[in-house]
Amino acid sequence: MDSISSGLLDAFALILTLDSDLVEIVLLSLRVTVTAVAIAALIGLPFGAWLVVNRFRFRRYTISVLNALMGLPPVVVGLFVYLMLSRSGPFGVLGLLFTPTAMIIAQVIIVMPLIASIAHQTIRDLWAEYHDLLISLNASRAQRIKVLLWDGRRALITAVLAGFGRAIGEVGAIMIVGGNIDHSTRVLTTSIALETSKGNFAFAMGLGIILITLAIAVNLAIHSISRTERASTW
Amino acid sequence: MVASARILPLELTGVVARAFGKQLLGPVDLTIGATGLTVVMGPNGAGKTTLLRVMHGLRRISAGTVVWSVDEAVARRKQAFVFQSPIMMRRRVIDSIAFPLILHGVDKRSAKQQAKDWAIRVGLGHVLHDWAPMISGGEKQKLAVARALICEPEILFLDEPCANLDGRSTREIETVLKQAELAGIRIIMATHNLGQARRLASDVIFVHGGKILETTPADTFFDTPRTPQAKAFIQGDIVE
Chain A
67 MDSISSGLLD AFALILTLDS DLVEIVLLSL RVTVTAVAIA ALIGLPFGAW
117 LVVNRFRFRR YTISVLNALM GLPPVVVGLF VYLMLSRSGP FGVLGLLFTP
167 TAMIIAQVII VMPLIASIAH QTIRDLWAEY HDLLISLNAS RAQRIKVLLW
217 DGRRALITAV LAGFGRAIGE VGAIMIVGGN IDHSTRVLTT SIALETSKGN
267 FAFAMGLGII LITLAIAVNL AIHSISRTER ASTW
Chain B
23 MVASARILPL ELTGVVARAF GKQLLGPVDL TIGATGLTVV MGPNGAGKTT
73 LLRVMHGLRR ISAGTVVWSV DEAVARRKQA FVFQSPIMMR RRVIDSIAFP
123 LILHGVDKRS AKQQAKDWAI RVGLGHVLHD WAPMISGGEK QKLAVARALI
173 CEPEILFLDE PCANLDGRST REIETVLKQA ELAGIRIIMA THNLGQARRL
223 ASDVIFVHGG KILETTPADT FFDTPRTPQA KAFIQGDIVE
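Top to bottom, those sequences are chains A and B. Residue 67 is where the first sequence starts when you use the numbering used here, and the numbers rise one by one after that. Residue 23 is where the second sequence starts when you use the numbering used here, and the numbers rise one by one after that.
Quick caveat, the hints were computed from the structure, so don't treat them as lab data. There's no promise every hint is true.
Stated by the list, open to error - Only pairs whose alpha carbons sit at most 25 angstroms apart, straight line, appear in this in silico BS3-like list of lysine-lysine:
1. A/K212 / B/K130
2. B/K44 / B/K200
3. B/K44 / A/K212
4. B/K138 / B/K200
5. B/K138 / A/K212
6. B/K253 / B/K233
To be verified - Partial chain B-side listing against chain A, Cβ under 8 angstroms, derived:
7. G36
8. H78
9. R113
For clarity, every value in this text was computed on a predicted model and none was experimentally measured. Here a beta-carbon is modelled for each residue, glycine too, at the ideal position from N, C-alpha and C.
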């Protein structure tokens with residue numbers, strides 16, 4: 067109990083003094099996560115909408131696989147990306163292994179199916195509402211996707227935030243492809259794992275508090291900017 | 023108001039529409055000429071909506087042909103449809119009315135100006151910047167009519183546009199429809215409101231059991247209906 071309370075006190079001290087190591091780790095975490103989520107959203111949101119407005123032979127199976135990929139094990143993704151980027155792998159020449167870029171690639175693979183799947187479910191409901199109107203107005207497939215994404219944008223924030231939540235808390239894949247190298251690829255989650263294993267609970271606790279605070283703050287900020295949960299808006 | 027390349031007449035030949043093994047409509051043979059306001063009448067479940075959706079191309083047909091006087095792609099661009107339950111986009115009223123123009127490549131500023139003019143014409147000037155799904159039922163239907171008319175269609179389909187509306191809203195929509203007809207827009211409207219049909223119709227298509235029983239000028243239909251079903255419908259009896 068004493069170690070927890072003293073750990074918490076030390077954690078707050080680190081946060082309040084803006085410890086340089088802590089700040090570096092937080093900034094790298096945000097950089098990797100925000101970049102990965104942005105890329106995953108750019109791919110996942112239109113793909114989710116595309117699945118809604120298109121009818122093709124293996125559509126149901128594609129949706130089932132996409133839903134299944136929401137639970138993709140991060141360590142397996144990490145292993146896959148590691149093999150792809152390692153010196154003997156097909157993309158080894160790029161020299162991306164153990165860099166933030168490799169961590170972003172792994173996170174995109176983990177987060178994209180989650181965003182696409184939630185987007186698909188959200189847009190499916192909107193498509194049921196808009197279907198007759200858009201067909202009647204002779205909207206092209208691209209126009210339908212654009213309209214559905216725009217009009218469903220507030221509901222789609224949930225998909226992006228779910229992706230952010232998964233990415234910011236992810237440890238397995240980025241540990242494998244990033245290597246948790248100090249001042250290079252060390253992020254909040256990998257640091258917590260390392261500091262805990264070293265018995266440095268104060269620093270681990272400080273990182274943990276920041277991780278949770280960040281996740282909540284980003285959610286609140288996005289809800290506030292997008293004005294969801296207010297009267298007369300969607 | 024209407025562009026020169028006419029898409030009418032519309033010819034339906036041997037049209038049949040089925041769903042889940044059940045025949046909903048047909049066989050239907052029908053010609054829709056270039057002028058007038060045709061009211062499609064009949065009891066609930068008669069096939070009025072199906073007939074309108076088949077003509078507009080919203081419902082696939084199981085047999086027969088639906089032929090416009092021009093290429094189908096051209097014809098699609100010159101039609102508009104107002105649904106019984108107006109589809110409200112999650113946008114402001116002005117943006118909802120401007121939507122079809124923007125979709126078809128009209129400059130945003132010009133589209134919004136035209137939308138504003140149409141909103142005022144149909145009596146929506148006071149809710150121009152309100153969220154479309156938040157306005158009243160009558161206002162939603164007026165919005166749907168304005169959104170349909172803004173592209174200056176050659177033919178306008180309306181599926182019970184005044185169902186569940188009060189007298190005032192009904193009158194306002196009827197006024198807009200009369201103006202549209204005077205401007206040369208061909209109107210095909212489904213309703214089972216006899217009063218509205220008498221006020222607006224130049225001719226009537228009477229549908230029952232998925233089949234067209236009468237296609238006749240409105241006066242003839244109301245004064246001397248040919249079929250017992252039409253007679254019963256006009257008298258307010260149960261149509262068997």
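Here is how each hint holds up against the structure:
1. A/K212 / B/K130: holds, 16 angstroms
2. B/K44 / B/K200: Given that 25 angstroms is the threshold and the Cα spacing comes to 37 angstroms, the pair is violated.
3. B/K44 / A/K212: Not OK: B/K44 and A/K212 at ~36 angstroms, beyond 25 angstroms, violated.
4. B/K138 / B/K200: The given pair, whose Cα atoms are some 20 angstroms apart, holds under the 25 angstroms limit.
5. B/K138 / A/K212: Distance ~24 angstroms between B/K138 and A/K212 Cα, so the pair holds.
6. B/K253 / B/K233: Given that 25 angstroms is the threshold and the Cα spacing comes to 16 angstroms, the pair holds.
7. G36: violated, 24 angstroms
8. H78: Constraint on B/H78 satisfied, holds at 7 angstroms.
9. R113: The hint holds - B/R113 has a Cβ within 8 angstroms of chain A, the shortest such distance being about 7 angstroms.
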